[in-house]
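Asks: The residues making up each chain are set out below.
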Amino acid sequence: EPEVTQTPSHQVTQMGQEVILRCVPISNHLYFYWYRQILGQKVEFLVSFYNNEISEKSEIFDDQFSVERPDGSNFTLKIRSTKLEDSAMYFCASQKPGLETQYFGPGTRLLVL
Amino acid sequence: GQQLNQSPQSMFIQEGEDVSMNCTSSSIFNTWLWYKQDPGEGPVLLIALYKAGELTSNGRLTAQFGITRKDSFLNISASIPSDVGIYFCAGGNAGGTSYGKLTFGQGTILTVHP
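As you go down the protein sequences, you meet chains A and B in turn.
So for the first sequence, the working numbering puts the first residue at -1; every next one is plus one.
So for the second sequence, the working numbering puts the first residue at 10; every next one is plus one.
Note that these hints are calculated values from the structure, not bench results.
The C-beta atom is built at its ideal place from N, Cα and C for all residues, glycine as well.
Warning: the hint list may mix true and false statements.
To be clear about the criterion: a stretch of chain B counts as covered by chain A if any three or more of its residues have a C-beta under 8 Å from a C-beta of chain A, and this derived list gives those stretches [said to hold, decoys possible]:
#, stretch
1, 34 to 45
2, 80 to 88
3, 114 to 120
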């Protein structure tokens, strides 16, 4: 069964450094999302992406965040200058057109020191 | 923004017991989804509900989309140890300006004692 994959599984970085989190959505899906989950809390929406542009973003998704689909398969989340409070699990999700069912990847655990 | 209240926060049950958890919202959703999350992993979709009043089963799991579109419940029958995990409800409103963003509940932590 097709799955959403994410790399790396874990990332440790110093405050102020840039990180890029990578996702490969399910191949026939057209809607892509990033969510984050701070330890012990609920999953929070960051951004949705469709037709090569951002559809919607949350208040969390400020100027330090950007997303890109550089080729036909990858979907990336970049944090330009990480802060301590960016430490969280980051989940990518993808969705097929016509069905509002999102499938999540295994996540990247980001730790900012 | 939209908020989902999920209850209970946690449950401790004996193997074989039935479990029920629910989510309520002050605003309507067009879709309700139920996910299970194991520690350190991503949410795994259990059941998707698309129509108000819909009752859907997936093995020992049954979920319903409330008539008012403001609530949903998930039942697990005859629980087993591998049911342990965190269960999340999520509401969606594709169309309009939301483009399918999901709003998640706070989660129900389920512990099953053998």
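Asks: Look at each hint and say if it fits the structure.
Replies: Hint check results:
For a cut-off of 8 Å, the count of residues in the stretch 34 to 45 of chain B with a CB near a CB of chain A stands at 4, and the three-residue condition holds. Counting residues of the stretch 80 to 88 of chain B whose CB lies closer than 8 Å to any CB of chain A gives 0, so the stated coverage by that chain is violated, three being the minimum. For the stretch 114 to 120 of chain B, the stated coverage by chain A is satisfied: 3 residues place a CB nearer than 8 Å to a CB of that chain, which reaches the threshold of 3.
Of the numbered hints given earlier, the model fails hint 2 alone.
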